Amino acid sequence: MSFDWGIILTNWKFLIIQGLLGFGAFGGGTLRLAIPAIVLGFILGTIIGLCRLAHRPWIHYPAVLYVEFFRGVPLVMVIFWFWFIIPQITGQRLPEYTVALTAFVVFEAAYLGEIVRAGIQSVPRGQVEAATAGGLSYGHTMLHVVLPQAIRNMIPSLVTQFIVLFKDTSLASIIGMMDLTKAAQTVSQREIRPFEMYLFIAVVYWICTYSMSRFSQWLEIRMSPERAPTRRAALREAARAATA
Amino acid sequence: MPLSGFLGIQYDFQWSVLWTGEHGRWLLQGIWTTLRLSVLAWIIAWLLGILSGALRTVPFAPLRALATCYVEFFRNVPLLVWLFFWYFGAPQFFPQAIQDWFNLHGPEFWSAVVGLSVYHGARMSEVIRAGIQSIPKTLLEASVATGLSVGQAYRLIIIPIALRLIVPPATNESLNLLKNSSLALTIGVAELTFMSRQIETYTAKAFEALTAGTLIYLVLCVGIASVMGQVERNFRIPGLIARVGRAEH
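Here the protein sequences come in this chain order: A and B. According to the numbering used here, the stretch in the first sequence is residues 1 to 244, in order. According to the numbering used here, the stretch in the second sequence is residues 1 to 249, in order.
Chain A with its partners taken away, still in its complex shape (with noise of 0.2 Å):
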C-alpha cells in the first residue's frame, strides 16, 4: 500500500479555509460554529449555573433537571431532537450550521452552567460576609467580590470544557455540516485516501486542541496567586498604595 500525501496539498484549501475556518460556498466550518457556540454556551450556562444556586425551589430545581437531563444524554441524540424534530412540528427544515448551534449551546450549557456552579462556591463564604457587612448590595457582592474571585477559579475547568465542544463539532458533520470532519469526508471520497485524510484532520484537530490546553496551562499558573510573581508584586504595589 503506497501513501499519497500529495492530496493534503491538492485539498487544503477546501479542508483549512472551508473545513476549518468556514469560508467558503457551504458555510458551516469548525471555527465558525465552535467560537460562537462557546460564548452563547457560557452565557446560558452562568445562568443556569446561578439558577442552580438559587434558593428558591422553583428556580433550584428546574436549573437542576436541566443539567442532570443533558449530562445523561449523548449529544448526538439532541442534535437529531432539533434536526428532526423541528421540520416535523414547524413542517421546514431549518439550515444545519443553526440547527448543530442550537444543539451544542443546549447541550454544553449544562455542562458550563456545572462549572459556574462549582466556580462561585469555591468562592469562601466570609467573602459574602465581609462584602454586605461593608454595605454593598447583593448585585454589586457578585460583580466586584464573588464573580471576580470565581473566574479565576474555574479556568482550568472552562478551557478543558471549551476543547470538549471543539471537539464536539465535528459531530455536526453527521447531519452533513460542512465542518473539517465532513470536508476531509468529502475528499476522501473522491480520492479513495482515508488514511491520509483521516490522519490529516487528526494532526489539524491535534494542533488546535493541544495548543488550548498548553495556553490553560500557562494561563493557571499565571493566575494562580501563589505562583505569579508579576501578581503578587501587583498586589504588593497595591496594598502599598492603599496604606501610603
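Everything labelled a hint here was simulated from the structure, so no lab data went into it. This one's a predicted model, so the numbers in the text were calculated from it and none came from an experiment. We put the beta carbon where it would ideally sit given N, CA and C, even for glycine. A portion of the hints provided could be inaccurate.
[As the list claims (entries may be wrong)] Between beta-carbon pairs, the in silico distance windows are:
1. 43/B x 68/A: 22 to 30 Å
2. 156/B x 57/A: 43 to 51 Å
3. 19/B x 223/A: 53 to 61 Å
4. 19/B x 215/A: 46 to 54 Å
5. 19/B x 90/A: 23 to 31 Å
6. 151/B x 17/A: 36 to 44 Å
7. 93/A x 133/B: 47 to 55 Å
8. 57/A x 134/B: 33 to 41 Å
9. 47/B x 133/A: 53 to 61 Å
Chain B: place on chain A using the hints.
Okay, now just chain B, sitting in the frame of chain A:
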C-alpha cells in the same frame, strides 16, 4: 392531543410505533449492541489506561515518551475522526488474516470497539494518573515508618485509598464512554441511536422514536451513576477523602 393543541402545533402522537411490528425488537437489539460495545470497549480502555499509566512512570525515557504521545494524541482528537480512521483508513494496513477476521465478524462493530477503547484508554490513563498523583508521597513514607514493607504499604494503604479516589472520575468517564458509543452509528453499527433513527425513518414519528432512545440512555446513565454513588458512599473513609475534581470530559 392536549399539548399540541396548547402549542398550536399539529402533531399526532402515536406512541404505539415503539412496539408495533419489528420496532420493539429493534430497540431491544439496539440496547444490547450498545451495552456489548460499551462493555467490551470499557474493559480494553481500562487495560490500555493502566498500561499507559504505568509506562508513564517507568525510569526508561523512550517508553515514557511513547505513553505520553499515545495519551496526548488520542485524547485530543475527536472520537468521530478516530472512528472514521479505524473503519475506513486503518484496516488496509493490517495483515490479511486480521482483515479477513474483521470482515467475517462485522467490521463496523470491531472498528467501533477499537476506536472507542483506544480513545477512552487515553482518557482513562489521565484519570488514573490524577488519582495516583493526588496521594501525597508522605503517605507511603509514613506507612513504611510504621513498620510496613513497601509491598504491604501499597496493598494495605496506597491502593485502597487510590481506588476510592478514582471511583468518582472513573464513573464519570465510563458514562462518557457509554454515551460516546452512540457515535458508532456513523460507521453503521446498529446500536441504540441507530435503531431510534431507523424507527424514525420507517414511521416518520421523530418525537416518539427519539424520546424512546433518549429515555433509555437517561435510565442507563442515571442508574449506573446512582449505583456508583452508593458504592462511593459505602467505601468512604470518614474525614480522610475529599472528592477529587471531576475528570476531564
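Outcome of the hint check:
Look at residue 43/B against residue 68/A: about 27 Å separates their beta carbons, and that is inside 22 to 30 Å. Range check, residue 156/B to residue 57/A: about 46 Å between beta-carbon atoms, so the 43 to 51 Å window is met. As the Cβ distance of residue 19/B to residue 223/A is approximately 55 Å, the hint placing it in 53 to 61 Å holds. The hint said 46 to 54 Å for the Cβ distance between residue 19/B and residue 215/A, and at roughly 51 Å that hint holds.
The hinted range of 23 to 31 Å is satisfied by residue 19/B and residue 90/A, whose Cβ atoms lie roughly 28 Å apart. Take residue 151/B and residue 17/A: their Cβ atoms lie about 59 Å apart, and the range 36 to 44 Å is violated. Our hint of 47 to 55 Å for residue 93/A and residue 133/B holds, since their Cβ atoms are close to 49 Å apart. Separated by about 35 Å at the C-beta atoms, residue 57/A and residue 134/B satisfy the suggested range of 33 to 41 Å.
Between residue 47/B and residue 133/A the beta carbons are some 56 Å apart, a value that agrees with the proposed interval 53 to 61 Å.
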